[in-house]
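Protein chains in written order, with numbering that gives the first Met the number 0: chain A, 0 to 283; chain B, 0 to 256.
Honestly, I wouldn't trust all of these hints.
Below, a list of computed lysine-lysine pairs in the DSSO-like style, where the Cα atoms sit at most 30 Å apart [as the list claims (entries may be wrong)]:
(1) K178/B to K222/B
(2) K138/A to K121/B
(3) K176/B to K67/A
(4) K178/B to K138/A
(5) K148/B to K278/A
(6) K176/B to K121/B
(7) K154/B to K121/B
(8) K138/A to K278/A
(9) K145/B to K176/B
(10) K245/B to K145/B
(11) K245/B to K222/B
(12) K145/B to K191/B
(13) K191/B to K178/B
(14) K245/B to K176/B
(15) K278/A to K176/B
(16) K138/A to K154/B
(17) K250/B to K191/B
(18) K121/B to K145/B
(19) K222/B to K250/B
(20) K148/B to K138/A
(21) K178/B to K148/B
(22) K145/B to K250/B
(23) K66/A to K121/B
(24) K176/B to K191/B
If you are wondering where the hints come from, they were derived from the structure by calculation, not from laboratory data.
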Amino acid sequence: MPDFLPLAEAVRQNLHDGDAVAFEGFTHLIPHAAAHEAMRQGFRDLTLIRMTPDLVYDQMIGLGMAKKVIFSYAGNPGVGLLRRLRDAVEHEFPHAIELEEHSHAAMANAYEAGAAGLPFAVFRGYAGAGLAAVNPHIKTITCPFTGEALAAVPALRPDVSFIHAQKANRAGDVLIEGIIGIQKEAVLAAKRSVVTVEEIVDNFDGVHPNTCVLPRFAVGAIAVVPGGAHPSYAHGYYARDNRSYLDWDQIAADRGTFDAWMRANVFDVGPEVFAERVKELRHA
Amino acid sequence: MPDFTPDEMMTIAAARALSNDDVCFVGIGAPSAACNVARLTHAPDITLIYESGTIGTRPNVLPLSIGDGELCETAITTVSVPEMFRYWLQGGHVTVGFLGAAQLDRFGNINTTVIGDYHHPKTRLPGGGGAPEIASSCGEVFITLKQSKRGLVEKIDFFTSFGHGRGGDDRQRLGLKTKGPTLLITDLAIWKPDPASKEFTVTSLHEGVTRDAVQETCGWPVKFAATLEQTPPPTPLELNTLRDLKARTAKAHGQAA
Chain A
0 MPDFLPLAEA
10 VRQNLHDGDA
20 VAFEGFTHLI
30 PHAAAHEAMR
40 QGFRDLTLIR
50 MTPDLVYDQM
60 IGLGMAKKVI
70 FSYAGNPGVG
80 LLRRLRDAVE
90 HEFPHAIELE
100 EHSHAAMANA
110 YEAGAAGLPF
120 AVFRGYAGAG
130 LAAVNPHIKT
140 ITCPFTGEAL
150 AAVPALRPDV
160 SFIHAQKANR
170 AGDVLIEGII
180 GIQKEAVLAA
190 KRSVVTVEEI
200 VDNFDGVHPN
210 TCVLPRFAVG
220 AIAVVPGGAH
230 PSYAHGYYAR
240 DNRSYLDWDQ
250 IAADRGTFDA
260 WMRANVFDVG
270 PEVFAERVKE
280 LRHA
Chain B
0 MPDFTPDEMM
10 TIAAARALSN
20 DDVCFVGIGA
30 PSAACNVARL
40 THAPDITLIY
50 ESGTIGTRPN
60 VLPLSIGDGE
70 LCETAITTVS
80 VPEMFRYWLQ
90 GGHVTVGFLG
100 AAQLDRFGNI
110 NTTVIGDYHH
120 PKTRLPGGGG
130 APEIASSCGE
140 VFITLKQSKR
150 GLVEKIDFFT
160 SFGHGRGGDD
170 RQRLGLKTKG
180 PTLLITDLAI
190 WKPDPASKEF
200 TVTSLHEGVT
210 RDAVQETCGW
220 PVKFAATLEQ
230 TPPPTPLELN
240 TLRDLKARTA
250 KAHGQAA
């Protein structure tokens, strides 16, 4: 049975300086509110794990919270580059960060291996790809049955994973639907987990039997944050705020603009602002 | 002057390369526009797959990201990301991968990772995402990008995804059984790999485009096919479909059309 906690408490109990942490979400259901809470609490030396580190990791890197990033696509989806990440990689501002770069297939397999309790993942990948030469964690393994050379990467085992989901029931089961991404694997691979949800319902009566549900015993903590994925979206609740993704390109381009935006939109506010931000994006 | 832009010709020429029977792994940007124009014109039953897990999707507007909600709402089914990469891509169900590129060389090798040295880059680009395995696991790969000397280069700075390597039978020697890049569609021309050397060779020029224009926007000495065709200009249906799609998209994403 997970703990139902206010967001600040859920983050405080589960995230620590130096942790390897995943704030997962594949375009959909990105846990922005949880990430902003982690920024307010000011953690340091984090290893940030995510297939698609977008705005939230750009923000954390810009704030100097990241020691290392394990990732497979560091872009602002559909818009362009991540300018705070670029500043860190190209100019070591605010400080240098270590990159462990993979392909999507590798990261997906690595999370799955973590969830399955295996030490590494094996897949057919990285053929002729330059990453194998610059990332020492990418190895080749020979199939003991066919002799085929296959790619191997270490399993991902975050200290803690944060995800956002549509809803939980009072027993603590968590329902995710739509583009389910890698969230189930990220939670099951992690030592601890925190799930923010749009709402708590009495029960999941009438839910399709194959709906993606994380049962209560697999979830560490649940915090209710309506709108908590904004500017990402929650299928069935509110649409993606594409305008915010386009705007981020300008905000992150300049160190001063970034600082001012972070102060006004993260440090001077609390998780309750997310409900307001999605008001106009809710489906009629 | 023709009444269409080079960009429109590029998207439409790329759309024509897809068939109703294709199962296509769609990259964002220019490939996404081409794939949806194909679906809205001559290939209504084409299966479009985006790496967010949406299979058989039929968006009414072009998604800004690979995971926009409409991709899921209009899909036959939506699967998890590991399932997408393991069962559907690695499992061999995808006939065509459609990729863009920041840098491309004459053998169809693509760089979207860095400009400059990997460890001390001049420009850090987003990286490969799904591309390394799209390039190796799809039956064949189509590439689309606008020509420029920055884009079509003698030597790419990083091998994000492998095309034909240094040409010839490089793919087979790596153990790859898929065809790799078989088509390059730019804003000026259609290119296909030479059967032996695998070097991209111009096979068709778009209307109004000269050989010089192709060479001036390419960083390597361009080879032209012995019989050079001219790409048929966009039909009114193709052009209207693309323009309507772009207008709907701009409106939906809150951008000026």
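Status of each hint after checking the structure:
1. A hinted pair counts as satisfied when its Cα atoms are at most 30 Å apart, and K178/B with K222/B qualifies at roughly 21 Å.
2. Taking the CA atoms of K138/A and K121/B, the gap is about 27 Å. The hint holds against a cut of 30 Å.
3. For the given pair, K176/B sits about 36 Å from K67/A by alpha-carbon distance, which is inconsistent with the 30 Å threshold.
4. Pair hint K178/B plus K138/A holds up; C-alpha atoms about 25 Å apart against a cutoff of 30 Å.
5. At most 30 Å may separate the alpha-carbon atoms for a hinted pair to count; K148/B and K278/A exceed this at roughly 46 Å.
6. At roughly 35 Å between alpha-carbon atoms, K176/B and K121/B are farther apart than 30 Å, so this suggested pair is violated.
7. Between K154/B and K121/B, the direct Cα distance comes to roughly 16 Å. Compliance with the 30 Å bound is thereby established for this hinted pair.
8. Taking the CA atoms of K138/A and K278/A, the gap is near 48 Å; set against the 30 Å cutoff, the hint is violated.
9. With a C-alpha separation of about 29 Å, the suggested pair K145/B and K176/B falls inside the 30 Å cut-off, and the hint holds.
10. Distance restraint check for K245/B and K145/B: the Cα-Cα separation of roughly 18 Å lies within the 30 Å cut-off, and the hinted pair is therefore satisfied.
11. For the given pair, K245/B sits about 34 Å from K222/B by alpha-carbon distance, which is inconsistent with the 30 Å threshold.
12. This hinted pair checks out: K145/B and K191/B have alpha carbons roughly 16 Å apart, not beyond 30 Å.
13. Restraint check for K191/B and K178/B: the C-alpha separation of about 12 Å stays at or below 30 Å, so the hint holds.
14. Simply put, K245/B and K176/B have alpha-carbon atoms about 37 Å apart, too far for the 30 Å limit, and the pair is violated.
15. Between the alpha carbons of K278/A and K176/B the distance comes to roughly 51 Å, so the proposed pair goes past 30 Å and is violated.
16. Distance restraint check for K138/A and K154/B: the Cα-Cα separation of roughly 26 Å lies within the 30 Å cut-off, and the hinted pair is therefore satisfied.
17. Simply put, K250/B and K191/B have alpha-carbon atoms about 36 Å apart, too far for the 30 Å limit, and the pair is violated.
18. Restraint check for K121/B and K145/B: the C-alpha separation of about 22 Å stays at or below 30 Å, so the hint holds.
19. For the proposed pair K222/B and K250/B, the alpha carbon gap of about 41 Å is over 30 Å, so the pair is violated.
20. Using a Cα cut-off of 30 Å, the hinted pair K148/B and K138/A is violated, with the two alpha carbons roughly 35 Å apart.
21. For the suggested pair K178/B and K148/B, the alpha carbons sit about 26 Å apart, so the restraint of at most 30 Å is met.
22. Distance hint between K145/B and K250/B is fulfilled; the C-alpha atoms sit about 24 Å from each other, no more than 30 Å.
23. For the hint pairing K66/A with K121/B, the CA-to-CA distance comes to about 21 Å; that is within 30 Å, so the pair holds.
24. Straight-line distance between C-alpha atoms of K176/B and K191/B comes to about 19 Å, which keeps the hinted pair within the 30 Å bound.
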